[in-house]
Amino acid sequence: MSLSSVPQHLKEWLVALFVKAINGVSKEEDRQDILDWLAQSRDVVGSEKSKKDKFLALYRLLDTRKTAKIALDGVVEAVKNYKQSNLPLAAKVALPVTLLATPILAGHGVGVAALGGAVGLPALLLLFLGTAGISAIIDSCLKSNEARAYLGEIAAFIVQDEVLRRASAAMQKAMRDQSMEASRFEMPEEEAMLRKKLCAMDPFDFERHVMSFFEASQMLAWVTKKSNDMGVDGFARHPDGVIVVQCKRYSPGKLVGSPAVQQFKGVIEENNALRGYLVTTSDFSEAARQSAGLTDKVILVAMDELVQWHITQPDLKGFMDS
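Read in order, the letters of the sequence shown correspond to residues 1 to 322 in UniProt numbering.
Honestly, I wouldn't trust all of these hints.
[As the list claims (entries may be wrong)] With a straight-line cut-off of 25 Å between C-alpha atoms, the simulated SDA-like cross-links for lysine to any residue are:
| hint | residue 1 | residue 2 |
| --- | --- | --- |
| 1 | K49 | D30 |
| 2 | K197 | S135 |
| 3 | K225 | D205 |
| 4 | K254 | G231 |
| 5 | K265 | I311 |
| 6 | K80 | K173 |
| 7 | K69 | A16 |
| 8 | K51 | G130 |
| 9 | K173 | K196 |
| 10 | K265 | K197 |
| 11 | K49 | A169 |
| 12 | K297 | D283 |
| 13 | K197 | Q313 |
| 14 | K317 | D240 |
| 15 | K69 | V25 |
| 16 | K297 | S282 |
| 17 | K49 | E28 |
| 18 | K297 | P314 |
| 19 | K254 | K317 |
| 20 | K196 | L306 |
| 21 | K225 | E189 |
| 22 | K254 | D240 |
| 23 | K173 | A200 |
| 24 | K248 | P188 |
| 25 | K225 | D202 |
| 26 | K173 | S183 |
| 27 | K173 | E215 |
| 28 | K225 | L294 |
[Said to hold, decoys possible] Simulated restraints on C-beta separations:
| hint | residue 1 | residue 2 | range |
| --- | --- | --- | --- |
| 29 | E186 | D240 | 29 to 37 Å |
| 30 | S183 | S285 | 41 to 49 Å |
| 31 | L255 | M193 | 18 to 26 Å |
| 32 | G253 | E48 | 51 to 59 Å |
| 33 | R289 | M193 | 26 to 34 Å |
| 34 | D43 | G253 | 45 to 53 Å |
It should be emphasised that the hints constitute simulated quantities derived from the structure, not laboratory data.
Where a beta carbon is used, it is the ideal one built from N, C-alpha and C, also for glycine.
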């Protein structure tokens, strides 16, 4: 039995079960984790893999998301007890028939009784919902007023956006931690005063100010107020991937050394970032510049370059020299 033959009433009932369960989760980060899992599961279901390989991939993915397992256990239980639900008769008949039409998935039986075991959620996603059904769950959660309040615009966008979802799970978490919009602060036109103002800025205001140049390059750009293990202060969405930005508001005599550059390079590579900008109100040591020169993914922006940004808006989206 194909997805197209699953009654619409049954699909809608399942979507409603998922949405209710997700909206019932109390912690914001747990709800977001479940939506992230659903987005990744949708990619698996929509892939060119065989049904068996899709199931195995879904099972492995779920095995790494204990929050989803626990929160959505009620969905599986409701499906197992479908006879007592308010489903139309045709849908009640179709549910066990659909499961029996695929008796074996990667070595697991797929009868109604088996839903409580290893099959459970992966079977519901693969056999009943498909990519359209999973998208309906995500969209319903993101469109509800309650969900909007806890997700925020950036967190919701990460779940929906294919480019941002290429980043690692750790990077996605860092992207949504206390996100705040970029903001261009008023600056003096005279260069000496501009340099003085930049050095005296509140560190978080400085980060928001720096990210405003990425926003001015027609990219979605934001900062994260909460400190994260990656040491990344800002993010920008480029059509080809995620740009990460680290800001160091140092006094003029304090140079950024090679260890900071090497650490930043690691963050970029390990988290599938497209490129990284290391911006400082000071300068970089020679060793730091040599380290950055070994890759085309790290751009160093010292005070002189930063001042130039204020004179002529750089084309950061086009990766032109700035």
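Against the structure, the hints come out as follows:
no., hint, result
1, K49 - D30, "violated, 29 Å"
2, K197 - S135, "violated, 47 Å"
3, K225 - D205, "holds, 10 Å"
4, K254 - G231, "holds, 19 Å"
5, K265 - I311, "violated, 28 Å"
6, K80 - K173, "violated, 33 Å"
7, K69 - A16, "holds, 17 Å"
8, K51 - G130, "holds, 12 Å"
9, K173 - K196, "violated, 34 Å"
10, K265 - K197, "violated, 29 Å"
11, K49 - A169, "holds, 22 Å"
12, K297 - D283, "holds, 19 Å"
13, K197 - Q313, "holds, 18 Å"
14, K317 - D240, "holds, 10 Å"
15, K69 - V25, "holds, 12 Å"
16, K297 - S282, "holds, 21 Å"
17, K49 - E28, "violated, 33 Å"
18, K297 - P314, "holds, 17 Å"
19, K254 - K317, "violated, 30 Å"
20, K196 - L306, "holds, 13 Å"
21, K225 - E189, "violated, 28 Å"
22, K254 - D240, "violated, 34 Å"
23, K173 - A200, "violated, 30 Å"
24, K248 - P188, "holds, 21 Å"
25, K225 - D202, "holds, 12 Å"
26, K173 - S183, "holds, 22 Å"
27, K173 - E215, "holds, 21 Å"
28, K225 - L294, "violated, 31 Å"
29, E186 - D240: 29 to 37 Å, "holds, 32 Å"
30, S183 - S285: 41 to 49 Å, "violated, 30 Å"
31, L255 - M193: 18 to 26 Å, "holds, 23 Å"
32, G253 - E48: 51 to 59 Å, "holds, 57 Å"
33, R289 - M193: 26 to 34 Å, "holds, 28 Å"
34, D43 - G253: 45 to 53 Å, "holds, 49 Å"
Hint violations for this structure: numbers 1, 2, 5, 6, 9, 10, 17, 19, 21, 22, 23, 28 and 30, all remaining hints satisfied.
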